[in-house]
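Visitor: Using the sequences and the accompanying hints, generate a full structural model.
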Amino acid sequence: MDSIYNDLNAPHSMGTTIIGVTYDGGVVLGADSRTSTGMYVANRASDKITQLTDNVYICRSGSAADSQVLSDYVRYYLHQHTIQLGQPATVKVAANLVRMVSYNNKNMLQTGLIVGGWDKYEGGKIYGIPLGGTLLEQPFTIGGSGSSYLYGFFDQVWKEGMTQDEAEKLVVKAVSLAIARDGASGGVVRTVTINKDGVSRKFYPGNTLPLWHEELEAKDSLLDILSAASPEPMVS
Amino acid sequence: MSRFEESAPARGGFSFDLCKRNEMLMQKGLKPSSYLKTGTTIVGLVFQDGVILGADTRATEGPIVADKNCEKIHYMAPNIYCCGAGTAADTEAVTDMVSSQLKLHRFHTGRESRVVTALTLLKSHLFSYQGHVSAALVLGGVDVTGPHLHTIYPHGSTDTLPFATMGSGSLAAMAIFESKYREGLTRDEGVKLVAEAICSGIFNDLGSGSNVDVCVITKGKREYLRNYMLPNPRTYVSEKGYSFSKKTEVLLTKITPLRELVEVIEGGDAMEE
Chain L
1 MDSIYNDLNA PHSMGTTIIG VTYDGGVVLG ADSRTSTGMY VANRASDKIT
51 QLTDNVYICR SGSAADSQVL SDYVRYYLHQ HTIQLGQPAT VKVAANLVRM
101 VSYNNKNMLQ TGLIVGGWDK YEGGKIYGIP LGGTLLEQPF TIGGSGSSYL
151 YGFFDQVWKE GMTQDEAEKL VVKAVSLAIA RDGASGGVVR TVTINKDGVS
201 RKFYPGNTLP LWHEELEAKD SLLDILSAAS PEPMVS
Chain V
1 MSRFEESAPA RGGFSFDLCK RNEMLMQKGL KPSSYLKTGT TIVGLVFQDG
51 VILGADTRAT EGPIVADKNC EKIHYMAPNI YCCGAGTAAD TEAVTDMVSS
101 QLKLHRFHTG RESRVVTALT LLKSHLFSYQ GHVSAALVLG GVDVTGPHLH
151 TIYPHGSTDT LPFATMGSGS LAAMAIFESK YREGLTRDEG VKLVAEAICS
201 GIFNDLGSGS NVDVCVITKG KREYLRNYML PNPRTYVSEK GYSFSKKTEV
251 LLTKITPLRE LVEVIEGGDA MEE
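In order, the protein sequences belong to chains L and V.
Quick note, the first sequence lines up with residues 1 to 236 if you use the working numbering.
Quick note, the second sequence lines up with residues 1 to 273 if you use the working numbering.
Calculated directly from the structure, the hints in this document are not laboratory data.
Warning: the hint list may mix true and false statements.
Stated by the list, open to error - Derived lysine to aspartate or glutamate pairs resembling EDC-like cross-links, with alpha carbons at most 20 Å apart:
# : chain 1 : residue 1 : chain 2 : residue 2
1 : L       : LYS169    : L       : ASP72
2 : V       : LYS221    : V       : ASP188
3 : L       : LYS219    : V       : GLU178
4 : V       : LYS180    : L       : ASP220
5 : L       : LYS173    : L       : GLU214
6 : L       : LYS92     : L       : ASP24
Since we're looking at a predicted model, the values are computed, not measured.
Guide: Following this line, the structure appears as structure tokens:
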């Protein structure tokens, strides 16, 4: 009983599964939606994919407070940079700004991030910025506590030059696999697709996701079923 | 109180000078003084015309109820209110501070305050204190952009939700919301649901109790329903009254009002030399 009470005061962390993949023409970013404080789910429908500029988005994992503040700062720096440059910021610049803040405050921050976007010079790019502030440009990357369950899956399934549809389906499948096995990930799957035509957000509620090994189908609550049926009079 | 260090330079921010001393004292066996916490159930929900906030009214100091009827719904702006859970001093101070900052901002801009402004001010203050300001808040209000409801955690993270609960009774209240909340509630339905959620916290959580406070905020209007429900009345009052032992000296049985009634005479003669 005591441990539950203490846990409610634990820092807000996003257990999380976050994914970023490139495809032929752009990038797809995906994430689950569970934010937990200890063993309690504080928000079951959070949005972990935040906008930095019109064409660059960031997936957040780790401490919720740290990642929110970091993305607020980087959004502000990027806005200034865009005004000074006179044209949209590139994904590389956005990722470098995130890396600078993350690295220079490495003792205080506890957040792993994935920056993804599209610009006219390099096309679709994904950058992984794990704890500590390393910057790594990769064709795909995964992060968060649920990512542990996806390394083997991606090794097998990944291929270069997928279509947008293939990439989106891959991301949704991967996040739902991680949700099935990781207690700290759950809720809905959100994806953001960025290409030369712009940005499109998609949302996959829990009951539209495929079922995996030993998972049961969602059923209507017994309370609804019982209250819908007309009550029979008691007969002695 | 003897001080081992020189006083800190006037630089703003928390002075950590005494932390080592406190650690040393705790190691020697000194128990830290307890502080007033609001055990608490606080809730908020968005309904069709705005937001409704609710809170219980018990403030605890360890296992003792220090205040049976405290106010946990704090004023931030005419169109924004904030419920606070955690250390009572921290929630009071941080909401007071941001309320003043919002007022200055209103004078500066000449406009009604927005909920996101209060949100950003609160979240940046709490983040810079790295969770040591133990205030968990439910912030709600209606501004030109519409109704908003946010939760703010002591470490500075925020969530935007259609319904939210915080405090030790949050699980009990969330159970009620998850089963009965739907979009587009009317005012009466919303108030009833909020009261039910707070009652669930009051009766099932030891840290929450006493009465239910409700605050309904809509465009251009707010109703602060202090003690909307009193589900814990004092049921037994002795008819005999209090009897004191014969040795007790009774000094006065007269009640003297301290403030004198001053008669104001309108339109008197001006003072003349």
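Visitor: For each hint, tell me whether it holds in the structure or not.
Guide: Do the hints match the structure? See the list:
1. For the given pair, L:LYS169 sits about 30 Å from L:ASP72 by alpha-carbon distance, which is inconsistent with the 20 Å threshold.
2. Under the criterion of a C-alpha separation no larger than 20 Å, the hint pairing V:LYS221 with V:ASP188 is consistent with the structure, at around 16 Å.
3. Under the criterion of a C-alpha separation no larger than 20 Å, the hint pairing L:LYS219 with V:GLU178 is consistent with the structure, at around 17 Å.
4. At most 20 Å may separate the alpha-carbon atoms for a hinted pair to count; V:LYS180 and L:ASP220 meet this at roughly 15 Å.
5. In summary, the hint linking L:LYS173 to L:GLU214 is supported, as the alpha carbons are separated by about 16 Å, within the 20 Å threshold.
6. As the CA atoms of L:LYS92 and L:ASP24 are separated by approximately 18 Å, the hinted pair is consistent with the 20 Å bound.
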